[in-house]
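A.B. asks: What follows is each chain in one-letter form.
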Amino acid sequence: DARVTQTPRDKVTEMGQEVTMRCQPILGHNTVFWYRQTMMQGLELLAYFRNRAPLDDSGMPKDRFSAEMPDATLATLKIQPSEPRDSAVYFCASGSGGSNTEAFFGQGTRLTVV
Amino acid sequence: AQSVSQHNHHVILSEAASLELGCNYSYGGTVNLFWYVQYPGQHLQLLLKYFSGDPLVKGIKGFEAEFIKSKFSFNLRKPSVQWSDTAEYFCAVMGHGKIIFGKGTRLHILP
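If you're matching them up, the sequences are chains A and W in order.
Going letter by letter, the first sequence gives residues -15 to 98 in the numbering used here.
Going letter by letter, the second sequence gives residues 10 to 120 in the numbering used here.
No lab work stands behind these hints: they were computed from the structure.
Any given hint could be a false lead.
As the list claims (entries may be wrong) - Beyond 12 Å from chain A on every Cβ pair, some chain W residues (computed):
1. V20
2. F43
3. Q47
4. G50
5. N84
6. E97
7. G106
8. I109
What the hints assert, rightly or not - No farther apart than 30 Å at their CA atoms in a straight line, the calculated lysine-lysine pairs in the DSS-like style are these:
9. K112(W) - K46(A)
10. K46(A) - K78(W)
11. K(-5)(A) - K78(W)
12. K62(A) - K112(W)
13. K107(W) - K62(A)
Even for Gly, the Cβ is constructed at its ideal location relative to N, Cα and C.
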């Protein structure tokens, strides 16, 4: 059963620490999305990649967030330094990249910054 | 840039009632439209999608949605809801490969 895998599932960290979230897209999918979900803002698109190249990261705070795809099986989202306002659930999703693609979501990483 | 507006933030219904959740989108090109559901504590799952063709789309669990191009709408419907439909529902639009979500509608079904 193909699925998007995210690690860790839960992360509690202190303000100022670096946080790295990982995502393994479904094998063969060439599009990866990162979303942040909060009660106030809902689901915000932070960045998305196609064929490992970032196509749009305009939703991401540039000063502290960075997203990369070191290879086709791994996407990472880093926050350095982390702040309490970064507390949220971060979802990764992948898609086949065609014109009729849909997004398949991972289980999310619940981040709490204290 | 595309955007999505969901009219109802919170809906409460009794079991067996009919459901309609509103969704309007803004995008100048050809759109792909989606409804996703998020059960408490879980990730988003696809309910249904519209890419082209018949504007009335049927999805899983008895849900359907109608694409009305002239109204830029893609409302979700279900004739008779069940307690297990309690969840948050998200409308989404894809344009230029980017998928943007509405803020969601929390649906609470009373047993």
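A.B. asks: All the hints need checking, so say for each whether the structure fits it.
C.D. replies: Results of checking the hints against the structure:
1. V20: holds (16 Å)
2. F43: Nearest chain A Cβ is 6 Å from F43(W), so the label is violated.
3. Q47: Nearest chain A Cβ is 9 Å from Q47(W), so the label is violated.
4. G50: violated (10 Å)
5. N84: holds (19 Å)
6. E97: violated (9 Å)
7. G106: Violated, since 7 Å does not exceed 12 Å.
8. I109: It is violated; I109(W) is separated from chain A by about 6 Å at its closest Cβ, not greater than 12 Å.
9. K112(W) - K46(A): holds (23 Å)
10. K46(A) - K78(W): Distance ~36 Å between K46(A) and K78(W) Cα, so the pair is violated.
11. K(-5)(A) - K78(W): violated (43 Å)
12. K62(A) - K112(W): holds (25 Å)
13. K107(W) - K62(A): holds (21 Å)
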